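Student: What follows is each chain in one-letter form.
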Amino acid sequence: MTKLKLQSLHKRESELAYAERQLEILSNGIFKSGELPKFKDKIAEIGQSPLKPKKLEILQINLGYMCNQVCSHCHVDAGPDRKEIMTRETMKQCLEVIKNTGAHTLDLTGGAPEMNPDFRWFVEEASKAGIEDFIVRSNLTIIRANKKYHDLPEFFKKHNVHVVSSMPHWTKGKTDKQRGDGVFDKSIKALQELNAVGYGLPDSRLRLDLVYNPSGAFLPGDQTSMEKDFKKALQEDFGIRFHNLFAITNLPISRFLDYLIASENYEDYMYSLVEAYNPTAVENVMCRNTLSISWDGWLYDCDFNQMLGLKVDSKIKHIKEYNEDLLNNRNIIISQHCYGCTAGAGSSCQGSVA
Amino acid sequence: MDNNYYDPKDLKKFGDITEWSEELGTKYFDYYGKVFEEGALTAREKALIALAVAHTEQCPYCIDAYTVDCLKRGVTKEQMMEAIHVGAAIKSGATLVHGVMMMNKVNKLDG
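So the sequences go chain by chain: R and W. Per the numbering used here, the first sequence starts with residue 1, numbered consecutively. Per the numbering used here, the second sequence starts with residue 1, numbered consecutively.
Warning: the hint list may mix true and false statements.
[Said to hold, decoys possible] Below 25 Å or equal to it, Euclidean Cα-Cα: the simulated SDA-like pairs (lysine to any residue) are:
(1) W/K34 with R/E267
(2) W/K12 with R/K231
(3) R/K38 with R/I25
(4) W/K77 with R/Y266
(5) R/K232 with W/E82
(6) R/K228 with W/E82
(7) R/K311 with R/E20
(8) R/K232 with W/M80
(9) R/K232 with W/K77
(10) W/K77 with R/D181
(11) R/K231 with W/I49
(12) W/K12 with R/E267
[As the list claims (entries may be wrong)] Here are a few chain R residues that face chain W, going by a calculated C-beta distance under 10 Å:
(13) Y18
(14) A19
(15) T171
(16) S215
(17) L219
(18) G221
(19) S225
(20) S272
(21) E275
Hints are computed from structural coordinates only; laboratory data are not their basis. Computed from a predicted structure; not experimentally measured. Glycine included, each C-beta is placed from N, C-alpha and C at the ideal position.
Let the sequences and hints guide you as you build the complete structure.
Tutor: As C-alpha cells, this is what we get:
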C-alpha cells in the first residue's frame with residue numbers, strides 16, 4: 001500500500017472526493033469497452049435484474065463522517081477534517097423509525113460514531129426500542145483517544161451494545177500501514193479493556209466481533225480460516241478473545257479507488273472481482289435486507305451507495321417521510337462497485353454471505 | 001508464440017490443459033484441489049510451502065498465484081521472504097552437498 005495520507009480526499013480536494021467522478025470511472029474504461037461485463041448484465045443472467053429488496057432486517061445509520069483515524073482503504077473518506085455530523089433532530093426522526101421498523105438489527109456507523117456529541121443520548125434512546133441486535137461499529141482507538149471516551153466499554157455494556165471493530169491484521173506492521181501509526185497498540189489495549197468488562201468472552205452475551213479487510217489490492221481469504229488465525233494469534237500474543245471475524249472485500253470507491261488508481265492496480269483488481277463473481281452471493285447481498293441512512297437523513301441501498309451519492313430509487317428518499325412498505329418495493333441501484341459484494345464468498349457488513 | 005514466452009494472462013488458462021487430455025487433466029486438478037484443502041497442515045501453511053517451491057522451481061505463474069494466495073491468507077511479507085530463504089537454502093544445499101561426490105571422485109582418482 002502506498003504511504004498513508006493524513007487528510008481525506010475532500011480536504012485534499014482530490015477529484016475522487018466527488019461521487020460523480022468515481023461513478024464515471026466505474027462505468028467507463030474496461031466496462032464501457034466490453035472487456036469486462038457490467039454488473040447489471042451479470043445479474044440479469046440469473047434473473048436478478050432489477051435487483052429487488054427482500055425483507056428489511058438491518059437499519060444502518062451513519063452518525064457522521066468525522067473520525068480520529070484516516071485509514072487508507074476508507075470508503076467513507078472519513079477523518080478528523082470531516083465535519084458532517086448527524087443532528088439531534090435527525091436522530092429523533094431516526095428514533096421514530098426505529099420504534100416502528102420490522103428490522104431486527106440497528107447498526108450505527110461513521111466515521112467514528114462515538115465522536116458525534118449526541119452519540120450517548122442516541123444510544124440510550126435507541127436501546128429503549130427493544131431492537132434485537134444493536135451494533136456500534138467502533139474503530140477501537142477512539143476508546144483510547146481521549147479521557148472522555150475511556151468509559152465506552154462500560155457504556156456499551158450498560159446498553160448491551162454489540163461491538164463490531166476493524167482489525168486488519170494480528171500484527172502491528174500490517175495494521176498500522178493500513179490504519180495509521182500507533183493504531184495497533186491502541187486497538188490491542190481497547191480490545192483488552194472490552195474483554196475486561198466481559199466483551200468477546202466465549203459464553204458472554206456481550207458480543208465482540210472483528211472486521212478484517214485486506215491491506216492491499218487483493219481479495220480476502222476464507223473467513224473461517226482467517227478467524228482461526230486471528231483468534232490464535234490475538235489470544236497467544238495478547239490474551240484477547242472475540243467472537244467472530246467478518247471478512248470484508250474492499251470496494252473500489254473513494255480512498256480505496258484512489259489507491260487502486262495510484263498504484264496502477266485498478267484494472268487488475270476489477271478483473272479479480274469479476275472473475276470471482278459468485279451468483280450465489282447475489283441472493284444475500286446486504287442491500288437486499290438493509291437500508292442505509294446518512295448523517296443528514298437521506299436513504300440509500302447501502303453504505304457504499306451512500307458514499308457514491310446514489311439515493312434510493314423511490315418516492316421516499318428521506319427519513320422524515322419514511323415508509324417501509326413503499327421502500328421495500330424499490331429497485332436497488334447498482335454499478336460496477338457491486339462486484340465487491342459478490343466476489344468469492346460474498347461480502348457484507350456482516351462478512352461473507354455465500 | 002508471441003514475443004514473450006510467458007504471459008500473465010496464460011495463468012488464467014491453466015485449466016484449458018484438460019481440453020486436450022480430459023481424464024488426466026481432470027484427475028490432476030482434482031488432486032491439486034485436494035492437496036490444498038485444510039488438513040494436518042493449514043491452508044495458510046500450504047500456501048507458504050507452495051510459495052517457496054514456486055521460487056525454487058522458478059515458475060512465474062506459481063509465484064504470482066501463491067504471492068496473492070499468501071496475502072489473502074494474512075501471511076506477512078517477512079514470513080514470505082523467510083519461506084523463500086528456506087527454499088533457497090535447500091536448493092543451494094542440494095548443489096553443495098554434491099560437492100562431496102566431487103570430493104570422493106577426486107580423492108579416488110588423485111588422492
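Student: Can you name, in rising order, the numbers of the hints this structure does not satisfy?
Tutor: Of the numbered hints, 1, 2, 13 and 14 do not hold.
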